[in-house]
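S.K.: Produce the entire structure from the sequences given, and follow the hints as far as they go.
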Amino acid sequence: MASVTVTREQRGALRRPVATTGLWSWLTTVDHKRIGIMYGVAAFVFFVIGGLEALVIRAQLAEPDGLLVNADQYNQIFTMHGITMVFLFVMPMGAAFFNYLIPLQVGARDVAFPRLNAYSFWVFLLGGLFLYSSIFLGGAPNGGWFGYAPNSTTDSSAGMTFYALGLIITGIASTVGAVNLSVTVINMRAPGMSLFRLPILTWMGLVVQFLLVFSLPIITVGLVQLLFDRRWDTAFYDPTRGGDPILWQHMFWLFGHPEVYILILPAFGIISEILPTFSRKPLFGYQFVVFSGIAIGFIGFGVWAHHMFAAGLGPVANTAFGISTAIIAVPTGVKIFNWMATMYGGDIRFSSPMLYAVGAVMMFVIGGLSGVTHAIVPHDYQQTDTYYIVAHFHYVIFGGGVFAFFGGLVFWWPKVFGRLMNERLAKVQFWILLVGFNMAFGPMHVLGLQGMIRRTYTYPEGLGLTFWNQMSTVGAFLIAFATLLFLVNIVMTQRKPKGLADPDPWDARSIEWMTSSPPPAHNYDEIPEVRALDEFWHRKYAEDKSGRIVRVPAGAAPEHDDGHADAGHADAGHAIHLPSPSFWPLVSAIGLPIIGYGVLFGWWLVGLGAMVVLVGFYGWAMEPSVAEEV
Amino acid sequence: MSDTETPLQHELGDRMPDPGEERAPHRSHPSAKEYIRIGLILAFLTALEVATYYVDISRGILIPTLYVLALLKFVLVVLWFMHLRFDDRRYARFFVMGLAGAATLYLIVLIIFGAFSR
Amino acid sequence: MADVAIEHAGQGEGGGHAAEHATTTGLPSTKLAMWLFLASECLLFGALISTYILYRGADPLGGPTPEDVFDIPFTSVSSFVLLASSLTMVLALAAAQKRDTVRMRLWLLATALLGMSFVGGQVYEFTTFYNEGLALDTNLFGTTFYVLTGFHGAHVTVGILMLLSVVGMSWADRLPPDASFPVEMVGLYWHFVDIVWIVIFTVVYLIPSGAPPA
Chain X
1 MASVTVTREQ RGALRRPVAT TGLWSWLTTV DHKRIGIMYG VAAFVFFVIG GLEALVIRAQ
61 LAEPDGLLVN ADQYNQIFTM HGITMVFLFV MPMGAAFFNY LIPLQVGARD VAFPRLNAYS
121 FWVFLLGGLF LYSSIFLGGA PNGGWFGYAP NSTTDSSAGM TFYALGLIIT GIASTVGAVN
181 LSVTVINMRA PGMSLFRLPI LTWMGLVVQF LLVFSLPIIT VGLVQLLFDR RWDTAFYDPT
241 RGGDPILWQH MFWLFGHPEV YILILPAFGI ISEILPTFSR KPLFGYQFVV FSGIAIGFIG
301 FGVWAHHMFA AGLGPVANTA FGISTAIIAV PTGVKIFNWM ATMYGGDIRF SSPMLYAVGA
361 VMMFVIGGLS GVTHAIVPHD YQQTDTYYIV AHFHYVIFGG GVFAFFGGLV FWWPKVFGRL
421 MNERLAKVQF WILLVGFNMA FGPMHVLGLQ GMIRRTYTYP EGLGLTFWNQ MSTVGAFLIA
481 FATLLFLVNI VMTQRKPKGL ADPDPWDARS IEWMTSSPPP AHNYDEIPEV RALDEFWHRK
541 YAEDKSGRIV RVPAGAAPEH DDGHADAGHA DAGHAIHLPS PSFWPLVSAI GLPIIGYGVL
601 FGWWLVGLGA MVVLVGFYGW AMEPSVAEEV
Chain P
631 MSDTETPLQH ELGDRMPDPG EERAPHRSHP SAKEYIRIGL ILAFLTALEV ATYYVDISRG
691 ILIPTLYVLA LLKFVLVVLW FMHLRFDDRR YARFFVMGLA GAATLYLIVL IIFGAFSR
Chain Z
749 MADVAIEHAG QGEGGGHAAE HATTTGLPST KLAMWLFLAS ECLLFGALIS TYILYRGADP
809 LGGPTPEDVF DIPFTSVSSF VLLASSLTMV LALAAAQKRD TVRMRLWLLA TALLGMSFVG
869 GQVYEFTTFY NEGLALDTNL FGTTFYVLTG FHGAHVTVGI LMLLSVVGMS WADRLPPDAS
929 FPVEMVGLYW HFVDIVWIVI FTVVYLIPSG APPA
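Chains as they are written, first to last, in our numbering: chain X, 1 to 630; chain P, 631 to 748; chain Z, 749 to 962.
No lab work stands behind these hints: they were computed from the structure. C-beta atoms are modelled at their ideal positions from N, C-alpha and C, and glycine is treated no differently. Errors might be hidden in some of the hints.
Unchecked claim - Going by beta-carbon spacing under 7 angstroms, a handful of chain X positions derived as facing chain Z:
(1) Asn187
(2) Arg189
(3) Asp233
What the hints assert, rightly or not - Computed spacing ranges between beta-carbons, pair by pair:
(4) Gln287/X / Ser661/P: 41 to 49 angstroms
(5) Gly690/P / Val316/X: 20 to 28 angstroms
(6) Asn879/Z / Thr734/P: 35 to 43 angstroms
(7) Arg231/X / Leu678/P: 36 to 44 angstroms
(8) Thr734/P / Glu880/Z: 34 to 42 angstroms
(9) Leu857/Z / Gln287/X: 51 to 59 angstroms
(10) Leu701/P / Leu600/X: 40 to 48 angstroms
(11) Arg454/X / Arg715/P: 48 to 56 angstroms
M.R.: Take a look at the structure:
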């Protein structure tokens with residue numbers, strides 16, 4: 001075995017960790033697969049917490065004049081529900097899929113900057129914990145996830161200060177991660193993997209990272225300005241001193257609209273992987289799906305004021321944004337038609353991932369239809385601030401996004417954990433979730449058009465809103481039950497012995513399925529050479545003279561004969577280099593919430609936090625590049 | 631493994647991927663003299679900018695002049711000091727995306743606020 | 749699979765000339781990352797600058813205006829200093845590319861010193877303005893001015909720390925023999941901070957605020 005030369009002795013604290021098992025190994029990991037799993041676990045825990053918050057909301061709203069929570073508590077709960085679901089569940093779950101799968105899908109051994117990857121995860125986790133610590137330290141954020149000023153700038157509890165600081169912290173995590181994954185996709189592809197041979201999940205991932213890079217700085221400034229208004233009495237959003245609360249809305253939605261595409265594009269990527277696999281057909285119009293993803297990202301920066309139609313921007317602005325909003329429906333429609341065409345004529349198996357993917361498309365279309373009605377400005381005057389909007393975004397984010405996540409989890413579970421989830425339970429769970437979801441959010445269309453106002457802790461009797469609210473609440477509890485079933489499935493599955501005899505149980509198309517299930521730490525024994533889109537599929541199947549798909553005997557595909565009789569020999573004896581674990585990303589990350597607490601409670605903590613950050617970065621820069629040979 | 635070979639080159643040998651076709655021909659770096667020359671131009675432009683403070687010019691001429699001078703300085707630093715003029719086009723693409731994006735979006739916001747019709 | 753030897757490798761995450769050839773584009777990953785980050789920063793400073801422009805001259809309750817407090821000659825000197833630091837930065841890079849370590853360290857230190865003068869000038873300016881009655885919470889001008897220039901100053905400070913770290917690492921022999929790559933990366937960040945100031949100097953200091961005279 002080749003040895004690694006360490007040019008200087010490894011001093012004490014700077015010695016690199018070497019553990020591969022146990023808690024310390026997880027705290028010091030820089031392996032994108034482990035980081036992806038940690039993102040997924042954390043995201044799912046936050047999903048459950050956000051779901052419990054939703055259950056409180058639905059229990060409170062099941063009856064008029066509800067007494068479960070008072071207005072102040074309700075405000076905190078629905079605010080945390082929104083923040084949790086958007087920033088602590090959907091975004092990190094997307095990050096989980098991208099972190100685990102992108103390096104595998106492009107044929108790399110890890111991301112471009114592995115320690116930075118670990119740093120992103122820890123900053124996210126600590127940011128989420130920081131946000132939730134607010135409950136015990138003065139009150140949770142209570143101004144809605146959208147934090148409209150001047151309510152958010154003047155509220156006397158500490159909650160919205162936690163909001164500003166917490167989201168700045170999680171924003172740092174996402175920005176850093178976005179740069180990392182972008183460079184990974186651009187710069188670390190396997191030989192032959194041109195951009196138009198990238199698996200579609202990776203393509204959507206690339207678009208998401210660019211959206212993050214360009215939208216997060218805007219909200220960062222908005223949040224800083226909000227923070228300064230609250231903490232140091234600046235005038236950014238204070239109308240009594242010439243500030244304009246509408247500026248906050250612009251800052252927020254300039255980020256907030258690209259954000260919703262950040263939320264949904266991972267799901268579109270997942271759907272685009274599952275549908276072809278279970279139709280045994282290539283994704284129809286792959287290039288159109290790619291271009292429409294890019295178009296959605298680009299146009300997504302041009303529609304933000306459609307969240308502000310009732311804010312008084314004037315007819316010119318409203319018209320312009322109404323038009324751009326209508327236009328953005330087009331590339332999304334392109335994707336839907338491509339998905340349908342993928343399935344058409346395919347050899348379809350409705351395994352549970354397929355059920356989820358198809359369900360996601362259908363639910364998304366419903367949400368998209370209500371979205372189109374929002375684009376019509378006079379109609380939006382009627383809908384805005386009502387439950388009709390709540391219905392819309394839950395249909396697209398939950399119906400489209402979360403359903404796709406469930407599908408993706410079942411689909412890639414065997415790859416990640418080496419065990420297949422229980423298929424029958426997964427199918428039962430899907431149907432219960434579908435029914436519960438539609439019961440919970442379908443009625444909200446009606447409630448909204450009947451005038452039920454959002455963001456309000458109760459409603460009076462006699463308005464005719466009770467029946468649909470009750471149904472919605474029942475639906476919410478069904479969702480909870482379905483989630484519980486999914487958790488049961490997870491526990492059942494993980495109890496099975498690890499390791500799949502067949503690493504490719506779904507007969508899939510992209511190269512991550514070539515590795516064992518789970519993959520080894522180094523991903524590929526030999527980095528595959530890529531000659532086509534759906535490279536793995538082409539190694540398994542060819543078309544015979546009549547165009548039928550026939551299985552290629554292993555290793556004998558004529559187009560893949562590159563002279564290497566045994567693919568393993570070419571690299572035998574050559575070392576594979578993996579990045580060493582490190583604890584400095586975690587140390588560096590801890591400094592950020594400390595600074596946050598300092599802004600709230602005392603300058604000395606800011607100083608301490610800054611010191612921790614500096615020491616962390618110093619250690620990071622100074623640690624030896626490799627672990628000591630034991 | 632030789633000194634100059636990277637781990638990935640070592641692994642992939644002759645199966646190394648081709649670098650992108652858009653690599654700009656590797657032009658020589660500017661010399662220290664050229665950099666100093668650029669620095670002097672920058673100082674001169676700054677002096678012009680400061681001079682506007684002392685001279686009585688109408689607002690309608692002053693403001694475009696200042697923006698042009700600032701733009702010239704900006705471009706000089708980006709193209710020469712940050713080396714974009716000599717580097718691969720792809721770096722410039724990223725930067726322009728951010729710059730153009732920022733300019734466009736914020737211009738729209740300012741227009742909506744009527745900041746230019748006061 | 750048994751013949752595959754796995755080692756833990758140098759965390760040379762994309763730096764250095766050798767790494768240029770190990771990537772799909774042939775470009776070093778760190779440099780791509782730096783340019784993407786700088787693109788992102790355009791949106792950050794753009795937001796702060798736009799907020800300043802939006803609120804310029806619009807204080808309904810009066811209070812100090814830019815014309816009341818600005819000392820253009822003083823700030824002009826600061827601007828020259830920062831521009832000069834960009835020149836010394838690029839000379840440091842040229843020295844690094846020629847493997848002239850002594851000159852490289854000298855120019856890097858010069859850059860850091862010029863940067864520190866700039867920050868010192870900012871501190872002096874802020875203190876003076878404060879004593880003249882302009883605080884963060886006085887009015888929109890105070891609010892937008894201090895936050896925008898404060899953020900810029902913080903970025904300069906981070907840059908100074910990075911410059912000093914590179915000098916320190918060079919002294920402790922912890923840089924590769926060809927130190928031009930880390931110097932180039934720090935340089936890109938430093939020049940960016942300079943071009944932001946080019947915009948700020950014009951937009952904030954030189955363009956008249958249009959505020960009604962006190």
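S.K.: Run every hint past the structure and note whether it holds.
M.R.: Against the structure, the hints come out as follows:
no. : hint                                    : in the structure
1   : Asn187                                  : 4 angstroms, holds
2   : Arg189                                  : 5 angstroms, holds
3   : Asp233                                  : 4 angstroms, holds
4   : Gln287/X / Ser661/P: 41 to 49 angstroms : 46 angstroms, holds
5   : Gly690/P / Val316/X: 20 to 28 angstroms : 25 angstroms, holds
6   : Asn879/Z / Thr734/P: 35 to 43 angstroms : 40 angstroms, holds
7   : Arg231/X / Leu678/P: 36 to 44 angstroms : 41 angstroms, holds
8   : Thr734/P / Glu880/Z: 34 to 42 angstroms : 37 angstroms, holds
9   : Leu857/Z / Gln287/X: 51 to 59 angstroms : 53 angstroms, holds
10  : Leu701/P / Leu600/X: 40 to 48 angstroms : 42 angstroms, holds
11  : Arg454/X / Arg715/P: 48 to 56 angstroms : 53 angstroms, holds
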